[in-house]
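**Q** Protein chains in written order, with the numbering used here: chain A, 12 to 392; chain B, 215 to 998.
Derived from the structure by calculation, the hints contain no laboratory data. For every residue, glycine included, the Cβ atom is placed at its ideal position computed from N, Cα and C. Each hint should be verified, as a subset may be incorrect.
Within a straight-line C-alpha distance of at most 20 angstroms, the following computed SDA-like cross-link-like pairs (lysine to any residue) qualify [said to hold, decoys possible]:
no., chain 1, residue 1, chain 2, residue 2
1, B, Lys613, B, Ala631
2, A, Lys207, B, Ala532
3, B, Lys465, B, Glu255
4, B, Lys465, B, Ala322
5, A, Lys310, B, Arg728
6, A, Lys310, A, Val356
7, A, Lys381, B, Asp821
8, A, Lys310, B, Ala696
9, A, Lys312, B, Leu736
10, A, Lys310, B, Glu769
11, A, Lys310, B, Leu736
Simulated restraints, written as ranges between beta carbons of each label pair [claimed, not checked]:
no., chain 1, residue 1, chain 2, residue 2, range
12, A, Gly77, B, Arg269, 47 to 53 angstroms
13, B, Asp579, A, Val91, 28 to 34 angstroms
14, A, Lys207, B, Val244, 54 to 60 angstroms
15, B, Ala456, A, Gly77, 57 to 63 angstroms
16, A, Asp264, B, Glu389, 53 to 59 angstroms
17, B, Leu552, A, Trp122, 31 to 37 angstroms
18, B, Ala506, A, Ala243, 29 to 35 angstroms
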Amino acid sequence: MSVSVEPTSVEPSQNNSAPANAAQALRPHAEDAFAAELAALAAQDDRPRPARWKLSPWAVATYLLGGTLPDGTVITPKYVGPRRIVEVAVTTLATDRALLLLGVPGTAKTWVSEHLAAAVSGDSTLLVQGTAGTPEEAIRYGWNYARLLAHGPSRDALVPSPVMRAMAEGLTARVEELTRIPADVQDTLITILSEKTLPIPELGQEVQAVRGFNLIATANDRDRGVNDLSSALRRRFNTVVLPLPADADTEVDIVSRRVDQIGRSLDLPTAPDGIDEIRRVVTVFRELRDGITADGRTKLKSPSGTLSTAEAISVVTNGLALAAHFGDGVLRPGDIAAGILGAVVRDPAADRVIWQEYLETVVRERDGWKDFYRACREVSA
Amino acid sequence: MSGSQPLLLGVRHHGPGSARAVRAALDAAVPEAVLIEGPPEADALVPLAADQGMRPPVALLAHAVDEPGRSAFWPLAEFSPEWVAIRWALEHDVPARFIDLPATHTLAWRKAEEEAEAEVEEENPSGPSAEHTLRLDPLAVLAETAGYDDPERWWEDVVEHRGAGAPGDGTRDREAALAPFAALEEAMGALRETYGAGGHDRDLVREAHMRLQLRSAQREFGDSVAVVCGAWHVPALRRKSAVTADRALLKGLPKVKADMTWVPWTHRRLSRASGYGAGIDSPGWYGHLFGAPDRPVERWLTKVAGLLREEDRIVSSAHVIEAVRLAGTLAAMRGRPLPGLTETTDAVRAVMCDGSDVPLALVHDRLVVGDVLGEVPDTAPAVPLQRDLTLLQRRLRLKPEALERELELDLRKENDAERSRLLHRLRLLGIGWGEPARSRGSTGTFRETWRLRWEPELSVRVAEAGVWGTTVAAAATARAEADARAARALADVTALAEHCLLAGLRDALPVVMRVLADRAALDADVGHLAQALPALVRSLRYGDVRGTDTTALAEVAAGLAERVFVGLPPACTALDADAAEQMRGHVDAVHGAVGLLAESSAASHGDLRARWRSVLRSLSGRDTVPGVIRGRAVRLLLDEGEVGQDEAARLMGLVLSPGTPPQDAAAWIEGFVGGGGGMLLVHDERLLGLVDAWLTGVPADAFTDVLPLLRRTFAAYEPGVRRTLGELVRRGPGVRGGASAGRTAGIPGFAPEPDTERAEAVLPLVRLLLGLDTDDKDLAGVGT
Chain A
12 MSVSVEPTSV EPSQNNSAPA NAAQALRPHA EDAFAAELAA LAAQDDRPRP ARWKLSPWAV
72 ATYLLGGTLP DGTVITPKYV GPRRIVEVAV TTLATDRALL LLGVPGTAKT WVSEHLAAAV
132 SGDSTLLVQG TAGTPEEAIR YGWNYARLLA HGPSRDALVP SPVMRAMAEG LTARVEELTR
192 IPADVQDTLI TILSEKTLPI PELGQEVQAV RGFNLIATAN DRDRGVNDLS SALRRRFNTV
252 VLPLPADADT EVDIVSRRVD QIGRSLDLPT APDGIDEIRR VVTVFRELRD GITADGRTKL
312 KSPSGTLSTA EAISVVTNGL ALAAHFGDGV LRPGDIAAGI LGAVVRDPAA DRVIWQEYLE
372 TVVRERDGWK DFYRACREVS A
Chain B
215 MSGSQPLLLG VRHHGPGSAR AVRAALDAAV PEAVLIEGPP EADALVPLAA DQGMRPPVAL
275 LAHAVDEPGR SAFWPLAEFS PEWVAIRWAL EHDVPARFID LPATHTLAWR KAEEEAEAEV
335 EEENPSGPSA EHTLRLDPLA VLAETAGYDD PERWWEDVVE HRGAGAPGDG TRDREAALAP
395 FAALEEAMGA LRETYGAGGH DRDLVREAHM RLQLRSAQRE FGDSVAVVCG AWHVPALRRK
455 SAVTADRALL KGLPKVKADM TWVPWTHRRL SRASGYGAGI DSPGWYGHLF GAPDRPVERW
515 LTKVAGLLRE EDRIVSSAHV IEAVRLAGTL AAMRGRPLPG LTETTDAVRA VMCDGSDVPL
575 ALVHDRLVVG DVLGEVPDTA PAVPLQRDLT LLQRRLRLKP EALERELELD LRKENDAERS
635 RLLHRLRLLG IGWGEPARSR GSTGTFRETW RLRWEPELSV RVAEAGVWGT TVAAAATARA
695 EADARAARAL ADVTALAEHC LLAGLRDALP VVMRVLADRA ALDADVGHLA QALPALVRSL
755 RYGDVRGTDT TALAEVAAGL AERVFVGLPP ACTALDADAA EQMRGHVDAV HGAVGLLAES
815 SAASHGDLRA RWRSVLRSLS GRDTVPGVIR GRAVRLLLDE GEVGQDEAAR LMGLVLSPGT
875 PPQDAAAWIE GFVGGGGGML LVHDERLLGL VDAWLTGVPA DAFTDVLPLL RRTFAAYEPG
935 VRRTLGELVR RGPGVRGGAS AGRTAGIPGF APEPDTERAE AVLPLVRLLL GLDTDDKDLA
995 GVGT
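Kindly produce the complete structure, drawing on both the sequences and the hints.
**A** In structure tokens:
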């Protein structure tokens with residue numbers, strides 16, 4: 012339960028302290044980290060802006076996708092992916108529909124939602140983290156019980172949720188992992204999204220959303236045991252699915268960069284010729300995930316695991332650790348075989364057949380994959 | 215202004231915007247004749263366009279008379295400007311003529327081209343429009359210059375929305391209707407100045423012909439003549455050029471005798487996705503744009519919602535409203551005056567499909583491309599397929615007769631082989647002229663018997679099959695490919711592959727094999743795979759007889775076998791008695807197929823047999839596998855010489871020991887000695903010896919426990935079989951016949967060395983049977 016004593020308005024002290032902290036913060040907010048880019052965009056943006064938007068939709072899309080402004084300011088790309096997706100997402104926020112970002116883990120859902128909120132409202136902190144234990148108060152409002160007991164119900168005793176604040180101030184609220192929130196709590200969003208009001212029956216009042224308010228939710232569509240959205244709620248959202256990397260080169264690039272970063276933070280020695288093995292892992296993951304070989308000639312069965320980029324990263328990192336501590340420091344097929352097997356075979360019966368079929372029909376015949384095939388045979392046996 | 219000039223309407227082929235603009239321009243100008251880009255041979259066919267039975271999409275088909283395979287298509291959809299022009303002319307009782315170079319020449323060109331270079335460019339089959347997309351799409355260039363990625367969009371924005379003024383008095387109307395064409399002509403003129411003929415010299419010849427035709431039309435009808443042609447050609451037609459120069463260009467063109475007709479077409483073929491592509495990828499959307507009286511986006515999204523509802527997706531009116539709003543906002547953000555297909559698709563995905571591409575694929579398939587099938591009246595001239603069939607019938611001396619008769623074919627003879635192929639191809643096309651009958655005399659793979667009977671309605675079938683192609687071979691290939699894609703079960707595809715081999719459809723085989731490989735990869739039921747494998751291997755052998763190239767087939771068969779190997783052990787667990795019996799059948803079938811496959815396929819799959827043995831070995835050793843399959847696996851291994859007699863005896867002892875449940879043990883024995891009511895035991899002394907040896911080795915006190923099991927197995931045998939078995943056992947091993955004397959080494963059941971003297975005695979007869987003396991080349995593989 013929140014213990015904030017402050018009413019609806021934003022407390023100045025908290026706001027002032029943010030920039031000072033930004034420099035030392037382990038991970039600064041998007042609007043602080045990219046303040047210069049946002050300012051440059053705002054300065055040159057002459058297109059119409061929806062009410063209370065810091066930028067026009069076009070400028071928001073440019074902020075996410077990157078580009079060069081007329082005055083030469085370079086906007087770094089925040090999201091590498093299809094332009095269409097970002098355009099649909101930004102446009103959705105400009106209408107009064109809420110935005111639902113779907114995708115398997117590791118497709119930058121949270122990252123996109125944070126940057127969208129930062130660019131649209133200049134504030135990405137109005138965040139509700141969805142968990143299995145998220146209470147209704149986190150979405151509507153809570154009470155400061157000391158004040159409630161002392162002075163009775165009043166606006167002062169009310170502790171607003173991030174969503175409530177966003178409504179009152181016309182900002183963008185964010186709900187992370189929407190499908191992890193219990194169904195009854197999820198449904199409190201229906202009134203907010205359709206009526207754009209939040210009634211406070213205890214006071215006989217309501218908070219009406221100011222123009223500019225909108226909500227971005229993220230959800231994982233491969234997760235097990237989630238609380239699926241009711242169709243009533245689903246209808247309030249425009250859904251955008253963030254895809255996995257479109258081509259192998261992009262994915263190899265993402266994996267090797269991340270592996271490099273993680274390796275450095277774990278003080279793992281860098282592998283000199285790891286790129287070939289990384290490419291191999293990415294190829295295996297992509298082929299099994301897509302159910303078709305890279306040359307597009309053979310179809311495959313897909314195993315039950317997600318096989319996302321994030322998992323490829325962990326397989327490679329694992330292999331690197333193996334090679335560094337127990338091998339000769341060079342990433343070899345044997346180092347990644349066990350990791351791949353673990354990632355692919357989630358269901359011991361069905362997935363094992365799929366994996367062996369893949370080994371025998373695809374890997375065995377492929378040029379230059381003999382050593383990998385042998386390593387995999389060894390660990391699967 | 216155009217009083218002294220013909221009205222030149224430059225269009226984009228299959229552009230709904232163009233079509234609408236053409237109609238407006240014709241309505242405004244009311245010319246006395248309409249000239250259309252297209253082969254003049256089709257002039258006689260124009261009136262058919264007004265026929266009740268004519269429904270676009272249709273195509274004008276030109277084909278060489280003596281070679282129906284050489285053909286060209288001019289597809290016309292409802293929203294094609296050319297079609298609109300034809301219909302306008304017919305409605306206003308004004309002559310419509312085609313003015314492009316006659317198909318006589320274009321077909322001859324292609325012939326020359328093909329002879330010049332072996333690989334045929336996929337350029338001409340769809341006539342003028344395909345040429346445009348493949349070379350330089352002038353509108354695309356203009357659109358790109360204006361910053362558009364879709365030429366049709368640019369056209370929409372520039373042509374549609376420019377001329378859309380309120381209807382005023384006559385002259386203003388006329389100018390408004392013609393303004394876009396004037397602007398376009400100017401732009402094209404600039405393009406032609408830069409690019410010249412766009413890298414295609416033949417355009418100059420075609421344009422010379424068009425100019426001549428235009429001139430003669432002007433002589434006939436005065437200047438009130440409208441020309442509908444690709445925008446690209448407009449500047450060339452406007453250009454003043456000496457008649458003699460144009461004539462000179464047309465001199466000495468090659469010629470073939472060509473014939474024309476209307477054929478039904480489909481939206482799918484209009485779309486770029488299929489081989490014939492006329493160069494547009496959203497015919498359904500274009501059709502909608504052309505057909506919708508107003509508010510195209512709202513109507514389109516309502517249509518989409520209707521489709522999704524039919525497929526049991528919950529889509530409410532609120533969804534449609536939100537999708538329209540999102541599409542509108544997206545268009546505004548992208549700086550476009552109206553939402554186009556991209557915007558509406560994005561909106562449908564985000565609002566109606568929960569961001570998923572799966573239902574969207576349905577929308578694309580059903581609506582954006584669409585399932586529209588054209589119709590052609592019966593009065594249209596015969597399709598070339600009929601002509602090709604007649605030619606073939608004459609050449610192969612197979613007369614269509616209403617009386618049923620039987621036909622014996624010897625596939626070793628060239629003529630007979632070709633007849634067989636023709637009949638198989640017709641069967642694939644659903645033209646049931648011949649039905650295969652069981653051969654009476656011989657069962658050899660090189661004999662076929664057919665029952666032939668030509669019924670009148672088969673002519674109708676031929677006409678229907680004309681959609682698939684212009685020759686029997688091409689049509690059967692196209693049909694087989696389509697059937698393969700539509701097939702649901704794996705077995706259907708293998709049957710089709712067999713058909714293709716029988717019909718000698720070499721070109722269809724890759725597609726069918728591809729589909730087969732895909733189906734096999736995705737089919738999780740080992741039973742299906744195991745069923746498909748023998749058929750496939752059989753096809754391989756047919757292929758050998760008929761001299762077809764079967765490498766692809768062998769490749770797929772090996773892949774299939776590989777999948778069976780992987781999937782079989784897990785699939786053999788937790789089976790009930792019936793399923794186990796069925797699976798045993800599969801194991802047998804696969805065993806036979808693997809043997810054949812290993813013999814007939816290349817060296818790369820040489821280890822197939824070894825891998826199969828290791829699968830059998832793992833089957834035989836698993837306790838979770840039903841006894842009948844385990845027993846069978848041991849038996850097969852024993853036959854292969856992979857498991858020694860001692861080892862087999864040990865395994866048998868293991869199974870029949872007290873720890874094993876009785877049913878399981880009985881099943882094992884059943885699997886081991888094989889079905890067939892015990893006849894195998896009678897004839898295979900080795901097996902009998904094995905069972906006998908094991909039985910005599912059972913300790914006295916355990917014997918009573920085993921007895922019920924054996925009784926259970928042997929009681930099912932015929933009394934005669936049981937008696938023979940008893941006698942054999944009483945006589946003891948090794949006493950029967952001289953053949954068992956040398957049974958010491960080599961494969962069990964066989965002598966170590968072949969008895970050459972006795973073997974040679976048989977050779978002359980074998981030679982006679984196989985006809986090896988006469989023609990030994992065709993027979994490779996028959997005896998395997």
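**Q** Confirm or reject each hint.
**A** A quick look at each hint next to the structure:
| no. | hint | result |
| --- | --- | --- |
| 1 | B:Lys613 - B:Ala631 | 16 angstroms, holds |
| 2 | A:Lys207 - B:Ala532 | 17 angstroms, holds |
| 3 | B:Lys465 - B:Glu255 | 19 angstroms, holds |
| 4 | B:Lys465 - B:Ala322 | 14 angstroms, holds |
| 5 | A:Lys310 - B:Arg728 | 9 angstroms, holds |
| 6 | A:Lys310 - A:Val356 | 18 angstroms, holds |
| 7 | A:Lys381 - B:Asp821 | 16 angstroms, holds |
| 8 | A:Lys310 - B:Ala696 | 19 angstroms, holds |
| 9 | A:Lys312 - B:Leu736 | 6 angstroms, holds |
| 10 | A:Lys310 - B:Glu769 | 15 angstroms, holds |
| 11 | A:Lys310 - B:Leu736 | 7 angstroms, holds |
| 12 | A:Gly77 - B:Arg269: 47 to 53 angstroms | 51 angstroms, holds |
| 13 | B:Asp579 - A:Val91: 28 to 34 angstroms | 30 angstroms, holds |
| 14 | A:Lys207 - B:Val244: 54 to 60 angstroms | 57 angstroms, holds |
| 15 | B:Ala456 - A:Gly77: 57 to 63 angstroms | 58 angstroms, holds |
| 16 | A:Asp264 - B:Glu389: 53 to 59 angstroms | 57 angstroms, holds |
| 17 | B:Leu552 - A:Trp122: 31 to 37 angstroms | 34 angstroms, holds |
| 18 | B:Ala506 - A:Ala243: 29 to 35 angstroms | 32 angstroms, holds |
Hint violations for this structure: none, all hints satisfied.
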